[in-house]
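Participant: Here's the letter readout for the chains.
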Amino acid sequence: MRQEGHDRRVDENVWRPGTITRRRFVGVGAASVAAAGTLGAAMLVPSPWRRAFGSEKPIRVGGIQPLTGPAAGGGLMAKVGQEVAAERINAAGGVNGRPLELIVEDSEGKPAAGIRKTRKLLTRDLVDVGQGGFMSNVCIACMPEYRRARIVNMIGVCLDTTITTSRCDRYTFRPFDYAPAQAVAFAPYLVNNIGKKWHILFADYAWGQSTRDAYRDGIQNQGGEVVDTTGIPLGTADMVPFLSKIRGDFDGLFMIFFGKDGVNVVTQAYNLGLHNKYRFAGDGAAVVAGTNLPAQREKALGFVGIDRYLPIFQGPLDTEHHRKFFDAVFEQSKQYDPNGILPDRYSQSNFEALNILKVGMEACDFRGREDTEKLIEALEDLQVYAGDDFPTGDRLLRKADHQAFTNEYIFEVVQGAGDTYQPKVLQVVPWQDTIVPPACQFV
Amino acid sequence: MNELFQDLVVQMLIGISTGLILALVASGLTLIFGIMDVVNFAHGELFMLGAYMGWVFFTMTGSFWLGLAAAALCVFVFGLIMQRSALRSLIGSDPLTTILATFGISLVLQTAAIWIWGPTVRRVGAAFTGHVAVFHLQFPVYRFLVAMLSLAIIGGLWLFMHRGRFGLWIRATTQDRQMALAMGIPVPLVHTVVFGIGAAMAATSGYLYAPILGVDPTMGVNNILRAFIIVVVGGMGNLWGSVLAAVFIGMLEALAVIWVSPALAVIFSFAALIVTLLVRPTGLFVAVPR
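Each protein sequence line maps, in turn, to chains H and U. Position one of the first sequence corresponds to residue 86 (this note's numbering), numbered consecutively onward. Position one of the second sequence corresponds to residue 1127 (this note's numbering), numbered consecutively onward.
Be aware that a few hints might be false.
[Said to hold, decoys possible] Below, simulated EDC-like cross-link-like pairs (lysine to aspartate or glutamate); rule was C-alpha separation at most 16 Å, straight line:
| hint | chain 1 | residue 1 | chain 2 | residue 2 |
| --- | --- | --- | --- | --- |
| 1 | H | Lys330 | U | Glu1129 |
| 2 | H | Lys330 | U | Asp1133 |
| 3 | H | Lys282 | H | Asp336 |
| 4 | H | Lys281 | H | Asp334 |
| 5 | H | Lys362 | H | Asp336 |
| 6 | H | Lys142 | H | Glu455 |
Source of the hints: derived by calculation from the structure; they are not laboratory data.
Use the sequences and the hints to build the structure in full.
Facilitator: Structure (structure tokens):
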């Protein structure tokens, strides 16, 4: 009984009310005030661009990327590309003497969330230009928002063909390649060097479908044949039910996937022995991206692809500009992976998209969203050249459809030093040889 | 041999193996619900966490089996902590409260995985890499191995629950929580350990699935939806009902693939779910009291 009574007194002393003395109150209060003060002081420390540019009003660049959800891997690398470009621009004096302020929102890879975040950027953050977008269905959903706000939308990753053809928009620009240009560059190699008969496996959504159509036309134009196509919904983890139905007489399996789906399709097709019968090829680094190869390893050996960017130093990519870009992205990516992540087409295209905006803004002395019309004129038919801003080479941003044309690299996955796997350039197709006629009527 | 027969054999193999793999995911979920009435929305993230834990140990030791043991053990401990810190005080409250709590935990775990391990897909080498020729395909032996292991683990769980004192406590708690308390069974301890076991089963299935799917922060999302369908069709809280439902759903989808696109085959699972809810809301494989 005595022990029980003692326990109760201890409990009461520790937990019950009435034990808050004036001294304890003052002590806890002082600690709280100190903590709040520290936090407040930390919040008042100026951002790097504010230190460099004083009270100069920043040019606000806003965009969405999928920072969570199935496409988060690519979205984070896209953001890394934007961050590296913005830091570099600000370190070099900003744009027209003003700093760039980058605001990146999470689209979750979903059109509804993308629209919501884009509206926030346009109406609450009052961004001066848009730059970003990863999933094509999200980009397509958000294009009308930029049109309504009359703000330039410089797309970062979205590859759906219709963005610069049937859905083209005066305010939207795509400063990198698209499937019809890739197909023109790649189809001759596929048909003449691998085989005439193909089965296309594609991610069954906007980008995958339009890319399938472009390659089907490209292969047929070269005298080849697409015997069948199989669409696999985005984010399908177990692809075996789809892959188990593939059989017949054809030469190659052409894959159009990205991110984790790229890992799954190559790994699971290999596990079912399809590599013994058919040659694997596809929309290049989207399937066998530098981030995917460590997971695919020997299963990706011999894969032939095409891409606008490869994280290797061969041919036109063996330049000082490319090394600088490579090192900066690798370093910046350590915030997401302590070992660093190799640059990919997502970091590259966002890096160059922000730089092409900078070139356009400097050309028209851009001051804010009121200068949108001047910026559109400056960007139309803008030709830029290889350098620190454009490490992958020259390009043209065509006026007729706001579509750019870039160099393309046809490559094969080979075993590198030790236990690593990497792309090896087989052929470089200059941007001039990838041009296809415009198919856009601006409204 | 005609194509239809080949398709039937191939799809039945796929259906049975996929069903048994999913049974392991679903059995952890149904175990937790059966004992605590908690619909664990973080089960997919425990699946993912197990794959990552296994990958970490696999990378360190090069042993697939050590990775498996580490995945189960680490996530078992994590499950104990999660139940003790976040869920224990919510047991018995409105089901919506636990759904929201576990959903919140799932978001935290998914984001934490991106920050800790990064967004890139990791790979765990399969324990067996052999193939069996099945008509036009080379069917991976590993898929069969995982299916058999799943069955063995579920069987082991059943033995654990039907032999020994702790199993008796679990069954007593499932039948009547208040009466179990009155009889001196430490119900809070039973809840915590069962949650740990459920978490370990999710982790085991995540790691076993890793050589097939790769390891990434969102890998749990895909499987958890089907696991929920299986749990409802099999009867919430019914272990063997879940196994039967998993094989049933796996076969249903696989056989549907012969005639429709695999993308549409999942509709048959949802149809089964709707029919179950309409005709036998307690589950297809639960005995109806006379």
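Participant: Next, verify each hint and record whether it holds.
Facilitator: Status of the hints after comparison with the structure:
1. At most 16 Å may separate the alpha-carbon atoms for a hinted pair to count; Lys330 (chain H) and Glu1129 (chain U) meet this at roughly 10 Å.
2. For the given pair, Lys330 (chain H) sits about 8 Å from Asp1133 (chain U) by alpha-carbon distance, which is consistent with the 16 Å threshold.
3. Restraint check: the Cα-Cα separation between Lys282 (chain H) and Asp336 (chain H) comes to about 5 Å, which is no more than 16 Å; the hinted pair holds.
4. For the given pair, Lys281 (chain H) sits about 11 Å from Asp334 (chain H) by alpha-carbon distance, which is consistent with the 16 Å threshold.
5. Only pairs whose Cα atoms come within 16 Å are accepted, and Lys362 (chain H) paired with Asp336 (chain H) is accepted, the gap being roughly 8 Å.
6. Restraint check for Lys142 (chain H) and Glu455 (chain H): satisfied, since their Cα atoms lie roughly 15 Å apart, inside the 16 Å limit.
Checked against the numbered hints above, the structure breaks none of them.
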